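Given chain A, put chain B in place with the hints provided.
So the protein lines, in turn, are chains A and B. Counting with this note's numbering, you get residues 1 to 332 for the letters of the first sequence. Counting with this note's numbering, you get residues 1 to 337 for the letters of the second sequence.
For the record, the hints were derived by calculation from the structure and aren't laboratory data. Given the structure is predicted, the values throughout are model-derived calculations rather than measurements. We treat Cβ as the ideally placed atom computed from N, Cα and C, and that holds for glycine.
Rough simulated footprint, nothing fancy, chain A against chain B, three-plus residues with beta-carbon under 8 Å:
| # | stretch |
| --- | --- |
| 1 | 213 to 219 |
| 2 | 235 to 248 |
Subject to a maximum C-alpha distance of 27 Å in a straight line, what follows is the list of computed DSSO-like cross-link-like pairs (lysine-lysine):
| # | chain 1 | residue 1 | chain 2 | residue 2 |
| --- | --- | --- | --- | --- |
| 3 | A | 196 | B | 230 |
| 4 | B | 230 | A | 153 |
| 5 | A | 112 | A | 196 |
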Amino acid sequence: MSDETSDRRNGLRSTLASIGPGRGRFAIGNLLSTNSETTGMTANSGESETVGTPESEQTPAGIDSAAGDMPSSDRPLGTPRVDDAIIEARNLEVFYGDTQALHNIHMDIPEKQVTALIGPSGCGKSTFLRSINRMNDLIDVARVEGDLYFHGKNIYDEDVDPVALRRKIGMVFQKPNPFPKSIFDNVAYGLRVQGKDDNVEEQVYTALERAALLEEVEDQLDESGLDLSGGQQQRLCIARAIATDPEVILMDEPASALDPVATSKIEDLVEELAQEYTVAIVTHNMQQAARISDKTAVFLTGGHLVEFDDTNKIFENPQSDRVEDYITGKFG
Amino acid sequence: MSSESIDLSRSGNDVGSLGDRIARYAFFSCAFVTVLTTLAIILVLVNGAVGFFREATLVELLGGTLSADSAAGGLETLREGLAVQVTITEFLLGTNWSPLIEPTSYGVLPLVWGTLVVTVGSALVAIPVGTLTAIYLSEYADESVRRTLKPILEILAGIPTIVYGFFALSFITPTILQPLFPQTGTFNAASAAIVVGIMIIPMVSSLSEDAMSSVPDSLRNAAYGLGATKFEVSTQVVVPSSLSGILAAYVLALSRAIGETMAVALAMGMLPQITTNPLEEMQTMTSYMVQVGISDVSVGSIQYQSLFAVGLTLFAITFTMNVLSIWVRSQYREEYQ
Chain A
1 MSDETSDRRN GLRSTLASIG PGRGRFAIGN LLSTNSETTG MTANSGESET
51 VGTPESEQTP AGIDSAAGDM PSSDRPLGTP RVDDAIIEAR NLEVFYGDTQ
101 ALHNIHMDIP EKQVTALIGP SGCGKSTFLR SINRMNDLID VARVEGDLYF
151 HGKNIYDEDV DPVALRRKIG MVFQKPNPFP KSIFDNVAYG LRVQGKDDNV
201 EEQVYTALER AALLEEVEDQ LDESGLDLSG GQQQRLCIAR AIATDPEVIL
251 MDEPASALDP VATSKIEDLV EELAQEYTVA IVTHNMQQAA RISDKTAVFL
301 TGGHLVEFDD TNKIFENPQS DRVEDYITGK FG
Chain B
1 MSSESIDLSR SGNDVGSLGD RIARYAFFSC AFVTVLTTLA IILVLVNGAV
51 GFFREATLVE LLGGTLSADS AAGGLETLRE GLAVQVTITE FLLGTNWSPL
101 IEPTSYGVLP LVWGTLVVTV GSALVAIPVG TLTAIYLSEY ADESVRRTLK
151 PILEILAGIP TIVYGFFALS FITPTILQPL FPQTGTFNAA SAAIVVGIMI
201 IPMVSSLSED AMSSVPDSLR NAAYGLGATK FEVSTQVVVP SSLSGILAAY
251 VLALSRAIGE TMAVALAMGM LPQITTNPLE EMQTMTSYMV QVGISDVSVG
301 SIQYQSLFAV GLTLFAITFT MNVLSIWVRS QYREEYQ
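Okay, chain A solo, but in the shape it has when bound (with noise of 0.2 Å):
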């Protein structure tokens, strides 16, 4: 490596430091304190009834009381949730083609808290999170129908440019999909793309030290993105999605593609970025999403939202029969 190279590196490092105490949550030793922390409880994910996040005890107003007409069947649920939420659909139903992928979905998600998105295959848990940030448009035969408000603002109005929604809802994919470019390119395409780039190497930093990616990649910046293992990768990814600074981040499976090791760095990961950003995740792993969920919803075959509560109060006492025959292994 060029001497050049390592002198804007150390510069660089510098000025990292001098920013770090300002982000004081994203310390080295926050992390590695979250991480043992986390570990415990990876441990016991034996028990998946018992586990729930600290965070989702302190029960939001409102909640409460719409438990009560919780509907115990797969009766679709009609009655919006939380009083944070940061979007809320409304009767939401997208069909590909003929194919009616979801039915009259209601649901809100809340704002800095990780609302998981669970169900068997097919059910309709990753077109919803699609539906989000308009991915669903990229796709020639999807149509969608009804409301996705996002700050009140129902994006699928005709005025909504997907293009700047999706600069406010960032997006983690199932298969980690680094650009054919170096780490650093990568992480600074979305900077570069939304002319947020009058700071790049900061931010690109940043963004590496937040994703927990930093301190294993931070010698070869300049080496191919598809250098690294797919949990790297999937982190590069994270850090990608994070270094604009969206408000939300979807994660459709993030981690269904890494080994178990990699799988309990990106769960820390989740917990760590739902302090500064709303997380919607879908994942297939039940262990997964009591471990680090605030909020779950359960899709079931065929599209349908068949309940949406806190996530332990789902694991420990759902309401309806066939969510807890899911939950406990039965079927799906």
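Showing chain B alone in chain A's frame:
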């Protein structure tokens, strides 16, 4: 358990395996035909080219030496046959190509220059148009548009090249070039370059589109998810990710332009000269070969042998281009799984 034993041994009925073996050899010999043809072409070119640079061709040298009465006679024949006719230096570096008119001169550079002008000129036409067409087809076009446009492009590729030459001579030069630049000659390099450029657009666009379509959608989604526009996704993600495939398409299309013969012979004329004015008549390596091929030079004469020297030069250039294209393509295989 069944008590009946099943007979799996090779019985008297050996027809199946014999047929298999025959089929195998039949297929192999068909595949081998192309290899043999390539080798034969190289041998013929090298043999004739030796005859151009020396007094005798490779075959004549070998035959003469072996059939001579004594060893000394054989050596004598060999020495005579090896006498220099045209030096390789004169051929490769000479700037005057005048094989048919005394005093003769065999500097190939004017022909190489003519080929270069056509190639670069056609690249200026085909690369921008072909690449943008490929981006449109791969990223923008609806399925129905793509299904209409691709066959039309392929029709363009199917038109005989002599027709392109005629089109240049009877339309591009008099209707487009001469009104714009009155000094344009009837035969000129510009019209040939334009028409060859049009001719290779389908090659550039079709091969580039294949490369772009093979970029995984996950990369497009990643960029869209970051708030990129379609234009940004196309130019900043799809094109860079498929760059090696696109470059390989360029190289292949250009090697086609280098080898293009009839259109160039018709539109560009037969005057070998090194000039920077594309509106003048020039001559390419291929059109020189046409010129000699249809003229009445006698077999075995130096003019006749010069065909092989020029042909070998042309072959070396296009061969290099093809190797380059394979190399570029192999670079791109590594980029994403």
